[in-house]
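*Asks:* One letter stands for each residue in the lines below.
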Amino acid sequence: MYKKLTFFCAALSCILLGGCGSQSGENGVVIVYNWGEYVDPDTLDMFEEETGIKVIYDEFETNETMFPKIEAGAAAYDVVCPSDYMIHKMIENDLLMELDYSKIPNAKANIGAWYWEQSQAFDQGNRYSVPYCWGTVGILYNKTMVDEPITSWAQLWDETYKDEILMQDSVRDAFMVAEKTLGYSMNTLNPDELQKAKEALIAQKPLVQAYVIDQVRDKMIGGEAAIGVIYSGEAIYTQYENPDLEYAIPEEGTNVWIDSWVILKDAPNKENAEKFIDFMCRADIALKNFEYITYSTPNDTARALIEDEEIRNSPIAFPDLTQYDNLESYVYLGEDGDTLYNELWKEVKSY
Amino acid sequence: MKYKKNILAAPYVLWSALFIIIPLCMIFYYGLTDKSGAFTMENILAIASVGHAKALWRSLLLSLISTILCFLLAYPLAMILAGKKGNQTGFIILIFILPMWMNFLLRTLAWQTLLEKTGVINGILSFLGLPPLRIINTSYAIVLGMVYNFLPFMVLPLYNALAKIDENIINAAKDLGANKIQTFFRIILPLSVPGIISGVTMVFVPALTTFVISTLLGGSKVLLIGNVIEQEFTQASNWHLGSGLSIVLMIFIIINMLVTALLEKE
Chain F
0 MYKKLTFFCA ALSCILLGGC GSQSGENGVV IVYNWGEYVD PDTLDMFEEE
50 TGIKVIYDEF ETNETMFPKI EAGAAAYDVV CPSDYMIHKM IENDLLMELD
100 YSKIPNAKAN IGAWYWEQSQ AFDQGNRYSV PYCWGTVGIL YNKTMVDEPI
150 TSWAQLWDET YKDEILMQDS VRDAFMVAEK TLGYSMNTLN PDELQKAKEA
200 LIAQKPLVQA YVIDQVRDKM IGGEAAIGVI YSGEAIYTQY ENPDLEYAIP
250 EEGTNVWIDS WVILKDAPNK ENAEKFIDFM CRADIALKNF EYITYSTPND
300 TARALIEDEE IRNSPIAFPD LTQYDNLESY VYLGEDGDTL YNELWKEVKS
350 Y
Chain A
0 MKYKKNILAA PYVLWSALFI IIPLCMIFYY GLTDKSGAFT MENILAIASV
50 GHAKALWRSL LLSLISTILC FLLAYPLAMI LAGKKGNQTG FIILIFILPM
100 WMNFLLRTLA WQTLLEKTGV INGILSFLGL PPLRIINTSY AIVLGMVYNF
150 LPFMVLPLYN ALAKIDENII NAAKDLGANK IQTFFRIILP LSVPGIISGV
200 TMVFVPALTT FVISTLLGGS KVLLIGNVIE QEFTQASNWH LGSGLSIVLM
250 IFIIINMLVT ALLEKE
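Same order as they appear, the protein sequences are chains F and A. So in numbering that gives the first Met the number 0 the end of the first sequence lands on 350, straight run, no missing numbers. So in numbering that gives the first Met the number 0 the end of the second sequence lands on 265, straight run, no missing numbers.
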């Protein structure tokens, strides 16, 4: 259905890329599409210097905004860094290239076995993706603004915190909170359970200060809200900035996620893309990135290099997940499942 | 002679074909088909669903309120400006246009910082011992953002229309015994209608379709129809539904233009 449009866009991007050809490095370019603030810019410079490949870098804010751009072929990217369930969706839509690990030796050498095992859930046989970051979704709270420690999702429905709660403005994360509170799976497609989750989110709406994504961080640091739903990687950074903040993995269980590098099937610079991923898996580079973005690295060799023992064994960055038995990862729900979730989310937002 | 005119029109024809006609056709194509490409009215009728209808109703209400507020604020100002001579006017207009030199997003973000619970305004209020202002993440903040951003679009057309009114007509009305109120309602207001119409359209249409102001100042808690459409494209990747809802929105904009055009005739 997008064929005509794809052609048009492809033609347009040819013109655009052709236009910036003069800027490309001696060994061509690699076009990277990554989460916002998800890499240390220095490492990109280092990559350019070492390989002579120019990095064209672009950012997205959610998996859902990234996918349509890739699917429509509106822009030609080589390397993308989506999350687990989105990688599953991209595999099903035949958008990804099978990786040749002999070209990416650092990946198998440095990344821990547990993460490869965990990736099997969305990428059978680890054929398409190389883990880059991982973490949990939890609650960040300001010790000075709450009466008791926040340890469960249910406390996000507590009237005393009216106008002090920041929720995630993305479908899956918002529903995950409600589903886990009610004791359901975060991948449920049961209509009754989804209705109940929707009603819970609507009931919570008057207590919510705002639905935000990246702004959770700044608002929590600034003391604008007492409680926020946040990714564990952001939590460490916010604690550097504001020591009053505390992170908790809620007792009802939560989402364990992995963001991984993938190469697109129609990537224009496949070899450079492999070099880029391999570079990112190098221990010193992974360490540099971890120190900059503070998201947990699956790179065990890099973790061993962390000097500060408190960080190396931090329960936020590297929690011992065996003590939780109710952790889950998102799986792709299929097109109908996605539509259903989106419809219900719209009902919550427009209520 | 005619041939020459055609050549001069060519860039415009090309421009409107590329950037107006073709995109419009694409919106209609997507809006009236489903994923398999078959004709359907479903995307248009989807406006009747609870979530969409609510968002549309809220958008209409908020943009109407903003338009009225803009009008009430802008008209007296435009009258003052039109009554002044020469340099003074230029300076006041400059002050009004000055903020427009800055990016629209930055200005809206600035309001977020001002209005936040721990923001600048509340800092000053609490310093003075006054109760805090709690309008961030509500419809009030969105209306404020709309009025602030779109006010210049109301002031300028009104000023133009009022400045064009011949002084002699007003003097004639006075000569014939009309008092100030009569002069205003029977002479000045009717003669400024063209300015009112373009001002109202230029405020109402962007206010109706905005999604940035509601996201930044409404904390994503107040869903406007612009947000719904934006999310269909960016989040749900359902271009068909997004286009269908855009067509519905166009219908409302056309209604707005028809109403104002009818008023103009009278």
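Note that these hints are calculated values from the structure, not bench results. Just so you know, even glycine gets a beta-carbon here, dropped at the ideal spot from N, CA and C. Where hints are given, some of them may not hold.
Said to hold, decoys possible - In silico PhoX-like pairs for lysine-lysine, Cα to Cα no more than 25 Å straight-line:
(1) F/K195 / A/K53
(2) F/K142 / F/K161
(3) F/K142 / F/K218
(4) F/K264 / F/K102
(5) A/K116 / F/K204
(6) A/K53 / F/K204
(7) F/K274 / F/K264
(8) F/K218 / F/K107
(9) F/K102 / F/K269
(10) F/K53 / F/K264
(11) F/K264 / A/K34
(12) F/K204 / F/K161
(13) F/K269 / F/K68
(14) F/K142 / A/K116
(15) A/K163 / F/K218
(16) F/K53 / F/K195
(17) A/K34 / A/K83
(18) A/K34 / F/K68
(19) F/K161 / F/K107
(20) F/K161 / A/K116
(21) F/K218 / F/K102
(22) A/K84 / A/K163
(23) F/K102 / F/K161
(24) A/K83 / A/K179
(25) F/K274 / F/K204
(26) F/K197 / A/K53
(27) F/K269 / F/K107
Unchecked claim - Covered stretches of chain A (chain F as the covering partner; in silico rule of three or more C-beta atoms under 8 Å from a C-beta of chain F):
(28) 47-54
(29) 218-226
*Asks:* Evaluate each hint against the coordinates.
*Replies:* Here's how the hints hold up against the structure:
1. Of the supplied pair hints, the one linking F/K195 and A/K53 holds, its CA atoms being roughly 21 Å apart against a limit of 25 Å.
2. Annotation: proposed proximity of F/K142 to F/K161 holds, straight-line Cα distance about 16 Å (limit 25 Å).
3. A distance of roughly 15 Å separates the Cα atoms of F/K142 and F/K218; the hinted pair therefore holds under the 25 Å criterion.
4. A distance of roughly 16 Å separates the Cα atoms of F/K264 and F/K102; the hinted pair therefore holds under the 25 Å criterion.
5. About 18 Å separates the Cα atoms of A/K116 and F/K204, which keeps this hinted pair within 25 Å; it holds.
6. Between the alpha carbons of A/K53 and F/K204 the distance comes to roughly 16 Å, so the proposed pair stays at or under 25 Å and holds.
7. For the proposed pair F/K274 and F/K264, the alpha carbon gap of about 16 Å is at most 25 Å, so the pair holds.
8. Taking the CA atoms of F/K218 and F/K107, the gap is about 38 Å. The hint is violated against a cut of 25 Å.
9. About 11 Å separates the Cα atoms of F/K102 and F/K269, which keeps this hinted pair within 25 Å; it holds.
10. As the CA atoms of F/K53 and F/K264 are separated by approximately 20 Å, the hinted pair is consistent with the 25 Å bound.
11. This hinted pair checks out: F/K264 and A/K34 have alpha carbons roughly 23 Å apart, not beyond 25 Å.
12. Between the alpha carbons of F/K204 and F/K161 the distance comes to roughly 9 Å, so the proposed pair stays at or under 25 Å and holds.
13. Distance restraint check for F/K269 and F/K68: the Cα-Cα separation of roughly 19 Å lies within the 25 Å cut-off, and the hinted pair is therefore satisfied.
14. The straight-line distance between the Cα atoms of F/K142 and A/K116 is roughly 18 Å, inside the 25 Å bound, and the hint therefore holds.
15. Between A/K163 and F/K218, the direct Cα distance comes to roughly 50 Å. Violation of the 25 Å bound is thereby established for this hinted pair.
16. For the hint linking F/K53 to F/K195, the alpha-carbon distance of about 50 Å lies beyond 25 Å, and the restraint is violated.
17. A distance of roughly 59 Å separates the Cα atoms of A/K34 and A/K83; the hinted pair therefore is violated under the 25 Å criterion.
18. The hinted pair formed by A/K34 and F/K68 meets the criterion: a straight-line CA distance of about 17 Å does not exceed 25 Å.
19. Of the supplied pair hints, the one linking F/K161 and F/K107 is violated, its CA atoms being roughly 48 Å apart against a limit of 25 Å.
20. Taken as a hint, the F/K161 and A/K116 pair is honoured in the structure, with Cα atoms around 13 Å apart against an allowance of 25 Å.
21. Between F/K218 and F/K102 the CA atoms are separated by roughly 42 Å; this puts the pair beyond 25 Å, and the hint is violated.
22. Using a Cα cut-off of 25 Å, the hinted pair A/K84 and A/K163 holds, with the two alpha carbons roughly 13 Å apart.
23. For the hint pairing F/K102 with F/K161, the CA-to-CA distance comes to about 53 Å; that exceeds 25 Å, so the pair is violated.
24. Under the criterion of a C-alpha separation no larger than 25 Å, the hint pairing A/K83 with A/K179 is consistent with the structure, at around 18 Å.
25. Between the alpha carbons of F/K274 and F/K204 the distance comes to roughly 46 Å, so the proposed pair goes past 25 Å and is violated.
26. The straight-line distance between the Cα atoms of F/K197 and A/K53 is roughly 17 Å, inside the 25 Å bound, and the hint therefore holds.
27. Taking the CA atoms of F/K269 and F/K107, the gap is near 19 Å; set against the 25 Å cutoff, the hint holds.
28. With a cut-off of 8 Å between beta carbons, the stretch 47-54 of chain A has 5 residues touching chain F; three or more are needed, and the interface restraint holds.
29. Counting residues of the stretch 218-226 of chain A whose CB lies closer than 8 Å to any CB of chain F gives 5, so the stated coverage by that chain holds, three being the minimum.
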